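Peer 1: Read top to bottom, the protein sequences are chains A and B. Just so we're aligned, residue 1 is where the first sequence starts under the numbering used here, counting upward by one. Just so we're aligned, residue 1 is where the second sequence starts under the numbering used here, counting upward by one.
These are computed hints drawn from the structure, not numbers from a lab. Incorrect hints may have been included.
[As the list claims (entries may be wrong)] List of simulated lysine-lysine pairs, DSSO-like, C-alpha gap at most 27 Å: (1) B:LYS80 <-> B:LYS135; (2) A:LYS20 <-> A:LYS62; (3) B:LYS252 <-> B:LYS165; (4) A:LYS165 <-> A:LYS20; (5) B:LYS135 <-> A:LYS252; (6) B:LYS252 <-> A:LYS135.
Bear in mind that the values here come from a model prediction, so they are computed numbers and not experimental data.
2 protein chains.
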Amino acid sequence: MIQTPYLLFLGDAPDGLAAKVAQGIRDWRPENCVGQYRMEGCNADLGLPEMDLVQAREAGAKTLVIGVANRGGVISQAWKKVLVTALEEGFDLASGLHNLLRDEPDLAAVAEATGRALHDVRVPEVDYPIANGEKRRGKRVLPVGTDCSVGKMYTGLALDQAMRKQGMKSTFRPTGQTGILITGDGVPLDAVVADFMAGAVEWLTPDNDPDHWDIIEGQGSLYHVSFSGVTLALIHGGQPDALILCHEPTRKHMRGLPGYGLPSLEALRDMALPLAQVANPDCQVVGVSINTQHMGAAEAEAYCAEVEGRLGLPTVDPFRHGAGRLAEALAAL
Amino acid sequence: MIQTPYLLFLGDAPDGLAAKVAQGIRDWRPENCVGQYRMEGCNADLGLPEMDLVQAREAGAKTLVIGVANRGGVISQAWKKVLVTALEEGFDLASGLHNLLRDEPDLAAVAEATGRALHDVRVPEVDYPIANGEKRRGKRVLPVGTDCSVGKMYTGLALDQAMRKQGMKSTFRPTGQTGILITGDGVPLDAVVADFMAGAVEWLTPDNDPDHWDIIEGQGSLYHVSFSGVTLALIHGGQPDALILCHEPTRKHMRGLPGYGLPSLEALRDMALPLAQVANPDCQVVGVSINTQHMGAAEAEAYCAEVEGRLGLPTVDPFRHGAGRLAEALAAL
């Protein structure tokens with residue numbers, strides 16, 4: 001569990017895209033962000049108050065979160081100076097980078113000496129159990145995609161927002177590093193050992209109030225041969241009551257797999273639902289989320305309307321339309 | 001890769017069942033076994049020549065394989081004496097036990113000093129790649145089960161034997177610790193990190209002769225919510241040309257999951273085949289393997305005949321009938 005609120009470290013991000021992790025935290029959990037820390041040459045700007053470490057401490061920040069993708073896979077010496085000082089000033093550090101904070105001897109030494117925590121959110125820190133398949137109280141919804149990276153996390157976060165707005169009880173349950181940094185907690189599922197994947201998802205989504213919804217962050221796709229096992233562990237460990245189908249209509253082939261075409265939404269529905277019903281016989285497909293970022297407004301509207309007619313399910317782009325109709329579909333279950 | 005041939009260590013096995021790993025090696029790779037080593041109180045007997053360490057070395061044994069399940073999860077002091085002496089006599093050690101050889105300081109120290117290898121086959125020793133889904137040359141068959149522990153490994157090993165007998169080219173590809181000890185090589189799939197499961201299976205079953213068959217050891221079941229993700233990684237990483245359905249008809253519920261009934265063979269077929277065709281559109285279900293160990297001979301015959309009529313597929317218990325008909329079905333593909 002990462003201590004909030006955060007000071008968001010943007011480093012020397014060459015552009016806004018390089019700081020997309022920080023942008024995600026800023027967009028979805030603004031209450032977790034007291035300010036931003038930018039170094040010379042930083043071209044990203046989240047519109048948060050600019051703070052140095054002392055100011056951020058005074059404003060209550062507990063963790064410095066590396067919200068920027070680094071270049072070349074190394075933590076630069078320029079960053080190091082800030083990170084070491086942050087530890088000395090009493091901040092924990094959190095990072096989703098491939099190169100781990102804990103593997104940097106200077107950071108590890110200062111963290112040890114100051115008693116501060118280094119959170120590498122790509123690395124599981126819990127001994128997860130083997131899944132027992134027992135029915136849990138409360139409700140769960142899982143977005144499943146025709147492919148990887150079609151907007152499952154965005155759909156889940158937008159749904160969480162819409163459900164709260166409608167007065168529903170919901171918790172977003174991250175299963176990847178960006179989601180974990182956004183909420184401060186979760187399971188880095190792709191780094192969990194095979195036998196414990198489904199158990200980790202059960203652990204993440206425990207018994208809850210009967211009217212509470214866990215929104216489980218999806219991963220991979222049943223149709224993506226590199227990562228489909230992770231997806232099925234989410235379906236069986238999460239025992240969802242509801243699935244939301246996610247799709248990006250302009251994708252020419254499966255991400256990273258040039259020889260593999262995308263399945264239709266119908267094929268995804270017919271594959272995912274029987275698998276989900278193994279763990280939860282009452283599971284239903286309740287809606288469709290379309291990522292229309294590569295379409296014009298009119299084209300996007302027409303596409304969603306066409307899918308809605310074809311599948312008979314509420315179909316939205318949560319970015320363009322909000323996720324209110326998906327939340328209503330869950331409320332109606 | 002574990003050096004063969006082996007001396008099989010039966011320790012103080014209280015009965016034959018406790019030595020079932022050794023029995024598996026003896027049954028399926030007798031050419032890998034020069035003899036057995038039994039301690040006082042051992043009630044297991046594989047019918048192999050009794051040897052001490054010196055005799056076994058002279059007979060050419062390279063590795064002492066712990067073929068017995070230990071009690072209480074610890075490597076006893078009585079065993080230790082033999083294991084340390086074996087390292088000093090020039091043997092490598094191999095084990096599938098939960099408590100690792102490498103975690104025993106005395107064994108680790110002697111192995112280091114003598115330059116011998118400690119093979120803990122539950123632990124992956126390769127950095128597996130992420131699966132790329134590319135079509136590989138050669139053919140692959142995968143047994144898939146209605147449940148865990150219904151005889152998938154046995155089916156694969158019997159099929160390997162039958163295929164060789166029929167002059168076909170085949171290799172059994174282990175994905176669990178017993179299989180790895182039997183052949184000396186493989187992937188401990190349940191211990192692989194989620195993102196690399198399918199890649200590990202691709203690594204295990206590389207390009208081969210067009211008429212060569214890899215027989216991939218199955219794990220878990222698409223219907224077993226604790227381990228289904230591992231099963232799907234096998235299906236997608238293995239890109240099998242053929243599936244064999246495996247079933248144990250007397251099972252009352254899924255293994256370890258009292259609330260879960262077993263699926264029908266038809267349901268398994270209809271779930272597994274479309275998933276397999278994502279990775280290999282030409283995949284077919286070619287046969288059924290029934291584990292009839294809890295049935296009388298007449299009942300077993302009748303059951304297999306009934307399934308064969310119902311599914312229209314060659315149906316055998318490889319233990320009672322051999323796997324010849326399954327091999328023929330593969331040859332006919």
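Peer 1: Which of the numbered hints above does this structure break?
Peer 2: 1 and 3
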